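Trainee: Chains A and B, in that order, are what the protein sequence lines are. Everything in the first sequence is counted per the numbering used here, starting at 189 for the first residue and increasing by one. Everything in the second sequence is counted per the numbering used here, starting at 189 for the first residue and increasing by one.
Since the hints were made in silico from the structure, they are not lab data. Some hints here could point you the wrong way.
One copy or two, it doesn't matter: identical chains are merged, so the pair holds either way.
As the list claims (entries may be wrong) - Simulated crosslink set (SDA-like; lysine to any residue; CA at most 20 Å straight-line):
id: 1; residue 1: Lys246; residue 2: Arg306
id: 2; residue 1: Lys317; residue 2: Glu215
id: 3; residue 1: Lys208; residue 2: Gly297
id: 4; residue 1: Lys208; residue 2: Thr261
id: 5; residue 1: Lys317; residue 2: Glu241
id: 6; residue 1: Lys208; residue 2: Thr192
id: 7; residue 1: Lys317; residue 2: Cys255
id: 8; residue 1: Lys246; residue 2: Glu271
id: 9; residue 1: Lys317; residue 2: His264
id: 10; residue 1: Lys208; residue 2: Leu276
id: 11; residue 1: Lys317; residue 2: Gln205
id: 12; residue 1: Lys246; residue 2: Leu275
id: 13; residue 1: Lys208; residue 2: Lys317
id: 14; residue 1: Lys246; residue 2: Gly297
id: 15; residue 1: Lys317; residue 2: Arg222
id: 16; residue 1: Lys208; residue 2: Ala240
id: 17; residue 1: Lys208; residue 2: Val282
id: 18; residue 1: Lys317; residue 2: Pro225
id: 19; residue 1: Lys246; residue 2: Ser285
id: 20; residue 1: Lys317; residue 2: Gly206
id: 21; residue 1: Lys208; residue 2: Val284
id: 22; residue 1: Lys246; residue 2: Gln294
id: 23; residue 1: Lys208; residue 2: Leu275
id: 24; residue 1: Lys246; residue 2: Glu287
id: 25; residue 1: Lys317; residue 2: Val299
id: 26; residue 1: Lys208; residue 2: Arg306
id: 27; residue 1: Lys208; residue 2: Ala230
id: 28; residue 1: Lys317; residue 2: Gly297
id: 29; residue 1: Lys208; residue 2: Glu287
As the structure is a prediction and not an experimental result, all values here were calculated from the model.
So you can see what is in the structure, the chains are spelled out below.
2 protein chains.
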Amino acid sequence: MDDTLNANARAILDIVQGAKNHPTALEVYERVRRVRPHIGLATVYRVLHQLAEAGCIKELGRDSEGCRYDAHTERHDHAICTECGALLDILLEVGVSSEALQAAAQAVGVVLSSHEVRIYGLCAACQVKE
Amino acid sequence: MDDTLNANARAILDIVQGAKNHPTALEVYERVRRVRPHIGLATVYRVLHQLAEAGCIKELGRDSEGCRYDAHTERHDHAICTECGALLDILLEVGVSSEALQAAAQAVGVVLSSHEVRIYGLCAACQVKE
DNA sequence: ATGGGTGCAAATCCTTTGCATCTGC
DNA sequence: GCAGATGCAAAGGATTTGCACCCAT
Numbered sequence: 189m190d191d192t193l194n195a196n197a198r199a200i201l202d203i204v205q206g207a208k209n210h211p212t213a214l215e216v217y218e219r220v221r222r223v224r225p226h227i228g229l230a231t232v233y234r235v236l237h238q239l240a241e242a243g244c245i246k247e248l249g250r251d252s253e254g255c256r257y258d259a260h261t262e263r264h265d266h267a268i269c270t271e272c273g274a275l276l277d278i279l280l281e282v283g284v285s286s287e288a289l290q291a292a293a294q295a296v297g298v299v300l301s302s303h304e305v306r307i308y309g310l311c312a313a314c315q316v317k318e
Numbered sequence: 189m190d191d192t193l194n195a196n197a198r199a200i201l202d203i204v205q206g207a208k209n210h211p212t213a214l215e216v217y218e219r220v221r222r223v224r225p226h227i228g229l230a231t232v233y234r235v236l237h238q239l240a241e242a243g244c245i246k247e248l249g250r251d252s253e254g255c256r257y258d259a260h261t262e263r264h265d266h267a268i269c270t271e272c273g274a275l276l277d278i279l280l281e282v283g284v285s286s287e288a289l290q291a292a293a294q295a296v297g298v299v300l301s302s303h304e305v306r307i308y309g310l311c312a313a314c315q316v317k318e
């Protein structure tokens, strides 16, 4: 999956995979610069798109900071803080029944390929601040 | 819920509620201009935030076109086209068990307030193009 | 020499902000 | 007259693009 990657792409993939959070393109840029100081921001964006296209990473939606990337490619769910926007990985033990998903998808003419549950609420840090 | 709104806010809320799709701020702006030609884009953004804050509408995540708004405030789910990004309302008849949601939220220290299921796949229009 | 990948800078796009003006009370 | 709302234009921030350059083939 990754032996075709060049040095920049390799470094970027390593960073996304090694990140504990879901880094934005800018965060990836800053981190990759420590290893490859001459890399340009445009290359980071280009490579992130390629990696997402290739399925090595996933592009999560944008929030106020920008687009976030996730190297955790197996199906999983997310918890999102309604206050600060923090995005945390979760895994629902009991998923949604796939018949229900299929039915809902069919109802709007969509060919189902995956799904994700998002739960919203206050994260631990924001509970304290309230 | 809306008798405290002024004319601009009223017009904007009407437009979001009357929209069949999930309009972006720019779309709302263009539509509200037909009714109130002097309105500024900044006011549209300000009012949309206020309405979202007040719970009259919901702010959906941003996609390539920008931030989308939804006047459909009851809990529901979405189908998202992986090709063109189209965002469609769906409702899963069989939801996720609330115990599972609670458990997952607790596991990451989040106080659960709502949830949403997202299904991904090709929308009808994009199936044809493939 | 050739083509893809790269860096830089400029351009774009959406969104926010500053500020002077206008409005309703 | 004042406080809040508004329009306009400028600023801000993320992402994309144009283009010349460089490297490996």
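Trainee: State for each hint whether it applies.
Mentor: The hints, checked one at a time:
1. With identical chains, the CA atoms of Lys246 and Arg306 are at most 20 Å apart both within one copy (16 Å) and between copies (15 Å).
2. For the identical chains of this complex, Lys317 and Glu215 are neighbours neither inside a copy (25 Å) nor across copies (36 Å), given an alpha-carbon limit of 20 Å.
3. In the homo-oligomer, the alpha carbons of Lys208 and Gly297 lie at most 20 Å apart only across protomers (17 Å), although the nearest pairing inside one protomer, at 37 Å, exceeds that limit.
4. Taking identical chains as interchangeable, the C-alpha atoms of Lys208 and Thr261 lie at most 20 Å apart only when both belong to the same chain, with a minimum of 14 Å there against 33 Å between chains.
5. For a Cα distance limit of 20 Å, the shortest separation of Lys317 from Glu241 across copies, 18 Å, qualifies, whereas the shortest one inside one copy, 39 Å, does not.
6. In this assembly of identical chains, the alpha carbons of Lys208 and Thr192 never lie at most 20 Å apart, being 25 Å within a copy and 45 Å across copies at closest.
7. For the homomeric pair Lys317 and Cys255, neither the shortest alpha-carbon distance inside one copy (26 Å) nor that between copies (27 Å) is at most 20 Å.
8. Taking CA atoms no more than 20 Å apart as the test, Lys246 paired with Glu271 passes between copies only; the shortest distance there is 14 Å, against 24 Å inside one copy.
9. When the C-alpha separation of Lys317 and His264 is checked against a cutoff of 20 Å, the pair qualifies neither within a copy, at 28 Å, nor between copies, at 29 Å.
10. Taking CA atoms no more than 20 Å apart as the test, Lys208 paired with Leu276 passes inside one copy only; the shortest distance there is 10 Å, against 32 Å between copies.
11. For the homomeric pair Lys317 and Gln205, neither the shortest alpha-carbon distance inside one copy (31 Å) nor that between copies (34 Å) is at most 20 Å.
12. In the homo-oligomer, the alpha carbons of Lys246 and Leu275 lie at most 20 Å apart both inside one protomer (14 Å) and across protomers (18 Å), since each shortest distance falls under that limit.
13. In this assembly of identical chains, the alpha carbons of Lys208 and Lys317 never lie at most 20 Å apart, being 23 Å within a copy and 38 Å across copies at closest.
14. Neither within a single protomer nor between protomers do Lys246 and Gly297 lie at most 20 Å apart by alpha-carbon distance, with minima of 24 Å and 24 Å respectively.
15. With identical chains, the CA atoms of Lys317 and Arg222 are never at most 20 Å apart, being 34 Å at best within one copy and 43 Å at best between copies.
16. With identical chains, the CA atoms of Lys208 and Ala240 are at most 20 Å apart within one copy only, with a shortest distance of 18 Å there and 31 Å across copies.
17. For the homomeric pair Lys208 and Val282, neither the shortest alpha-carbon distance inside one copy (25 Å) nor that between copies (33 Å) is at most 20 Å.
18. Taking CA atoms no more than 20 Å apart as the test, Lys317 paired with Pro225 passes in neither setting, with 38 Å inside one copy and 42 Å between copies.
19. For the homomeric pair Lys246 and Ser285, neither the shortest alpha-carbon distance inside one copy (23 Å) nor that between copies (26 Å) is at most 20 Å.
20. In this homomeric assembly, Lys317 and Gly206 never come within 20 Å of each other (Cα to Cα): the closest approach is 29 Å inside a single copy and 37 Å across copies.
21. Taking the shortest Cα distances, Lys208 and Val284 never come within 20 Å of each other, neither inside one copy (27 Å) nor across copies (27 Å).
22. Proximity of Lys246 and Gln294 under a CA criterion of 20 Å is satisfied in neither setting, with 24 Å inside one chain copy and 25 Å between copies.
23. Proximity of Lys208 and Leu275 under a CA criterion of 20 Å is satisfied intra-copy only: 11 Å inside one chain copy versus 29 Å between copies.
24. With identical chains, the CA atoms of Lys246 and Glu287 are never at most 20 Å apart, being 25 Å at best within one copy and 28 Å at best between copies.
25. For a Cα distance limit of 20 Å, the shortest separation of Lys317 from Val299 across copies, 14 Å, qualifies, whereas the shortest one inside one copy, 43 Å, does not.
26. For the identical chains of this complex, Lys208 and Arg306 are intra-copy neighbours only, at 19 Å inside a copy versus 24 Å across copies, given an alpha-carbon limit of 20 Å.
27. Taking identical chains as interchangeable, the C-alpha atoms of Lys208 and Ala230 are never at most 20 Å apart, the minima being 23 Å within one chain and 37 Å between chains.
28. With identical chains, the CA atoms of Lys317 and Gly297 are at most 20 Å apart between copies only, with a shortest distance of 14 Å across copies and 44 Å within one.
29. Taking identical chains as interchangeable, the C-alpha atoms of Lys208 and Glu287 are never at most 20 Å apart, the minima being 34 Å within one chain and 27 Å between chains.
The earlier numbered hints that this structure contradicts are 2, 6, 7, 9, 11, 13, 14, 15, 17, 18, 19, 20, 21, 22, 24, 27 and 29.
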